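For the record, the sequence lines run as chains E, G and A.
Reminder that position 4 of the first sequence reads as 376 in our numbering, one-by-one numbering, no gaps.
Reminder that position 15 of the second sequence reads as 16 in our numbering, one-by-one numbering, no gaps.
Reminder that position 482 of the third sequence reads as 1371 in our numbering, one-by-one numbering, no gaps.
Keep in mind the hints are simulated off the structure, nothing from the lab.
A portion of the hints provided could be inaccurate.
Looking from chain A toward chain E, a few residues come up when the C-beta cut is under 10 Å (computed) [stated by the list, open to error]:
hint	residue
1	Ala1415
2	Gly1492
3	Gln1495
4	Asn1496
5	Ala1498
6	Leu1499
7	Leu1503
8	Val1505
9	Leu1506
10	Gly1509
11	Val1510
12	Val1521
13	Ile1523
14	Leu1526
Taking lysine to any residue pairs in the SDA-like style, the calculated list, with each CA pair at most 25 Å apart, reads [unchecked claim]:
hint	chain 1	residue 1	chain 2	residue 2
15	A	Lys1193	A	Val1128
16	E	Lys539	E	Ala470
17	A	Lys1437	A	Leu1409
18	A	Lys1083	A	Ser1377
19	A	Lys1052	A	Glu922
20	A	Lys1193	A	Tyr1250
21	E	Lys539	G	Arg104
22	A	Lys1052	A	Tyr1245
23	E	Lys539	G	Val92
24	A	Lys1052	A	Ala1071
25	E	Lys539	G	Val24
26	A	Lys1437	A	Val1128
27	E	Lys539	G	Glu111
28	A	Lys1083	A	Gly1102
29	E	Lys539	E	Leu526
30	A	Lys1193	A	Ile1264
31	E	Lys539	G	Leu10
32	E	Lys539	G	Ser114
33	A	Lys1052	A	Arg1454
34	A	Lys1083	A	Gly1103
35	A	Lys1003	A	Leu930
36	E	Lys539	G	Ser103
37	A	Lys1193	A	Ser1377
38	A	Lys1437	A	Arg1458
39	A	Lys1052	A	Phe1063
40	A	Lys1003	A	Gly917
Since we're looking at a predicted model, the values are computed, not measured.
Glycine included, every Cβ here is placed at the ideal spot set by N, Cα and C.
If you want the building blocks of each chain, they are given just below.
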Amino acid sequence: MIVAFAFLAGMTLVSAMGVVISRNVVHSALFMSGSFLGVAGFFVMLNAPALAAFQVLIYVGAVTVVILFGIMFTQKPQVRRFRTILNAQRWAGFFVAAGVGAFLAFILSIQNWGATSSGNGTRGVAAFARNLLGVTQGSEIFTLLFEVASVLLLVAVVAAIVVSRRKTGEGVDRGVEE
Amino acid sequence: MPPQVQQVLDTLNAELPLEGYLVVGAIMFAIGAWGALIRRNAVVVFMCVELMINAVNLTLVAFADYLPGARGLGQSYAVLVIAIAAAEVAVGLAIVLAVFRSRRTVNVDEINSMKG
Amino acid sequence: MDTVGQQLIIAAIPGLPALVFFVLALFGRYIKEGAQYVAILGVTISLVFSGFALYFVATGEPIDFAVNWIDLGGGGAFPMGVYIDGLAAVMLVVVCFVSLMVQLYSGAFMEGDKRFAWYYAVINLFTASMLGLVLAPNFIELYFFWELVGLCSYLLIGHWFEKPSARDAAQKAFIVTRVGDAALFIAIIIFWAKTGTTSFQGISEAAQAGFIGGSLFTAAVVLVFVGAIGKSAQFPLHVWLPDAMEGPTPVSALIHAATMVAAGVYLVARTYDIFVQSETAMLTVAYIGGFTALMAATMALVKKDIKRVVAYSTVSQLGYMMLGLGVGAYSAGMFHLYNHAFFKALLFLCAGSIIYAMNSYNLVEMGGLRRRMPITFWTMVVAGISLAGIFPFSGFWSKDAIVASTFEEHYYVLFGMALLTVFLTAFYIFRAIFMAFMGEARTQGAREAVESPGIMTGPMLILAVLSVVSGLVGTPVADYFADFVRPSEFAVETLGVEPHEFSIPLAVVSVAVAILGIGLAYALYARQPERAAALARRFSGLHTFLDKGWYFDALYGATFVRGARALGRLVREFDRTALGGLVGGVGRGALGTGGFLQRLQTGGAQNYALFILLSVLIIGVIVGAQYAFLVVAIIALITIAAFAVGSRL
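Looking at chain E on its own, in the form it has when it is part of the complex (with noise of 0.2 Å):
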């Protein structure tokens, strides 16, 4: 479990490392899906199995490519320096960002959280599901979250359309012949 636990940990952190610091975008990229790949091996760690497959489906399947799309785009050569990446505010957000990991840590671990024990969630999809639809008792508010959820994918999905049209008159794409 430790060994197991320790691996994930590590690859989920280095690729996150990996994110914020390399050089080229694509590499950022890839280092993102690889970090998604360590959290859904978590998600099968911590007894949920349907939660890992949509964590790979959607996060490395969908937004990776969403996300290399974009970057396909908005093309950009490597860099050689890290100044080029790098913002002026790399040092004062490193001590934030630093600060703020050092307290969340430090919170959650002296809070005392009772009697835990691993596999107290629902370990089946069955029963996941049940939960995620708002069919099971203590759960209700989830059908009115589930079906908010579907109506904002389908405004996100107007809206990136409606954003991102290209209007009469503007740039044109490389290649493209208006």
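Let chain E serve as the given structure and place chains G and A on it in line with the hints.
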């Protein structure tokens, strides 16, 4: 089996504490925050935001698994968060593309017309 | 005063001119020349109502009603009311009448003035205030109107405020009378603190009952008299009245001859019951009055400005009235007030008529106007004879009564001063008349002068008739006036003054002295004018001393005025640097802070995100600050981050 090896195996097979997952989540969140503050490329900032969201998801699911009083709802919340994050990526990248079209740059530093 | 209707009529007496003030102040711009008609209508109605009041009081009881203005419960109440006895009723009629004459006259005198309607508005406010003052039954109401009257005087003296001399004169008048007003206010407070009431009757009774002790009582009464000194331009606060001649002449006629300056005398008369209880106060009143009469008469001897001659004459005559009140001749003093109102107003109107015709007030530039302005000449002569106190004109009856009283009450020094003043009075007024009207015209302006229009000479003629006959209500044969306007029985008892028979020898003496004065003036100014100039040169030191008003202005200027100016400069500097700097500093501080904070608005979203995270961290630390070590560590982190932010952004 020698007792030391058994001991080592026992520790290796021991129950993982909740705090472990929480600390990993916190560190991942911190890294994501740092990146969101640091990087000049807007798309990379996006990716760091995704990292932060994932850290939160991890924490939620960890609570769902460990805390009996949570009734496992953390996983459901995590699913919803995934959905929302996906929507956010779509819209956000659309915006980045629109900005890129008008300014030919995705350098966050140069998008500062609200200065002053 | 039972019915509300009657009370309303009384209330309308000051109320109507006040209403006219508001109407003219608000709409004067549109009415312009029509303002005089509105004003004259108002004051005529007030005059009629005053006549009603006079009738009521003459045939019945004094009018007395009041309402509670401020009621402090246990602390006492301040009522506002009306008290009209014989004295007040006569004053009401006099004030309304003279105001009416002056407003008629002003229609022509102020024609074409830039602020015609405002002039009428303030004159009516003044009339309303003076009437209110006369009606007051207690100190608070009196003080309220006292101040208002002073304000109107200031506004009217400074009516032509484009002239710096007018501005200065208005300020001088206000400030000098302020000294008196402050003293009066202190006296009011002393009385109220000791007796718990401010009504005249109440204080008098309380003083009799012994609520307020000897020296404090005398001090308070003397302070009241100081207030009267200020308002009536007695020594030593007389310096403002000659300068007040900078205002329009009708204003001088109304305010500085007949009414406002009479307010001081009226105050003493009104509070006579209080005054008689302090012998020191009575003596003060008498001696200051007598001295002022003499002093002002000497100053009038050498003045070249015709209005200033009449102004000093007013001061002198007011001194007479104070003298009369001080020696116990209450009715005589008030009778003189009543007569003086008419002939002094007439003198001013005549002066105004000359000024209107010649556009000059300098006696040296006049001459020979007798032929060109006959009405003015004859009315002024009538007024002059009345002022000098020649039998049987009105001035004789009242002035002689006062002079006789001083002799009969054994105030021989005052008698001597009064008699000398009679001589000087006759001399200076006829000096002015002879210089202006006799002889040959000395300048072009005098050659071309024409008589004033009818609306100006009309009031003058009416006042001239009154100057002759107004005295007839108070002759020893049938002294209606003394019956009507007399001190209370308590005052009579306390004073121990016995009524005296009319003394013919004394009357002859005073008339003879007056005729001597006229004769001397004739000899010096009508017959051989060069002798007057020669005399002036020979006694040039004395001449300058008198001309400069016994150097009072110089004295006050060197001491009080310089001191006040220095203090003012000090305060101004403090205000400018300390307070101004403080206020400016606040502004500059705000600007500076704003400028500093503006640099945080970089426009970069990541900067803002940094600030947000930083704030979350700070809030979290503060909320969860149980562990000092961690807090210190995190604060150190934050400090470093802040420096980094500050230096890098």
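Each hint tested on the structure:
no. : hint                  : verdict
1   : Ala1415               : violated, 104 Å
2   : Gly1492               : violated, 13 Å
3   : Gln1495               : holds, 6 Å
4   : Asn1496               : holds, 7 Å
5   : Ala1498               : holds, 9 Å
6   : Leu1499               : holds, 6 Å
7   : Leu1503               : holds, 5 Å
8   : Val1505               : holds, 7 Å
9   : Leu1506               : holds, 5 Å
10  : Gly1509               : holds, 6 Å
11  : Val1510               : holds, 7 Å
12  : Val1521               : violated, 13 Å
13  : Ile1523               : holds, 6 Å
14  : Leu1526               : holds, 4 Å
15  : A:Lys1193 - A:Val1128 : holds, 17 Å
16  : E:Lys539 - E:Ala470   : violated, 43 Å
17  : A:Lys1437 - A:Leu1409 : holds, 23 Å
18  : A:Lys1083 - A:Ser1377 : holds, 23 Å
19  : A:Lys1052 - A:Glu922  : holds, 23 Å
20  : A:Lys1193 - A:Tyr1250 : holds, 8 Å
21  : E:Lys539 - G:Arg104   : holds, 15 Å
22  : A:Lys1052 - A:Tyr1245 : holds, 18 Å
23  : E:Lys539 - G:Val92    : holds, 17 Å
24  : A:Lys1052 - A:Ala1071 : violated, 29 Å
25  : E:Lys539 - G:Val24    : violated, 47 Å
26  : A:Lys1437 - A:Val1128 : holds, 11 Å
27  : E:Lys539 - G:Glu111   : holds, 23 Å
28  : A:Lys1083 - A:Gly1102 : holds, 9 Å
29  : E:Lys539 - E:Leu526   : holds, 22 Å
30  : A:Lys1193 - A:Ile1264 : holds, 22 Å
31  : E:Lys539 - G:Leu10    : violated, 65 Å
32  : E:Lys539 - G:Ser114   : holds, 22 Å
33  : A:Lys1052 - A:Arg1454 : holds, 21 Å
34  : A:Lys1083 - A:Gly1103 : holds, 12 Å
35  : A:Lys1003 - A:Leu930  : holds, 22 Å
36  : E:Lys539 - G:Ser103   : holds, 11 Å
37  : A:Lys1193 - A:Ser1377 : violated, 44 Å
38  : A:Lys1437 - A:Arg1458 : violated, 28 Å
39  : A:Lys1052 - A:Phe1063 : holds, 17 Å
40  : A:Lys1003 - A:Gly917  : holds, 11 Å
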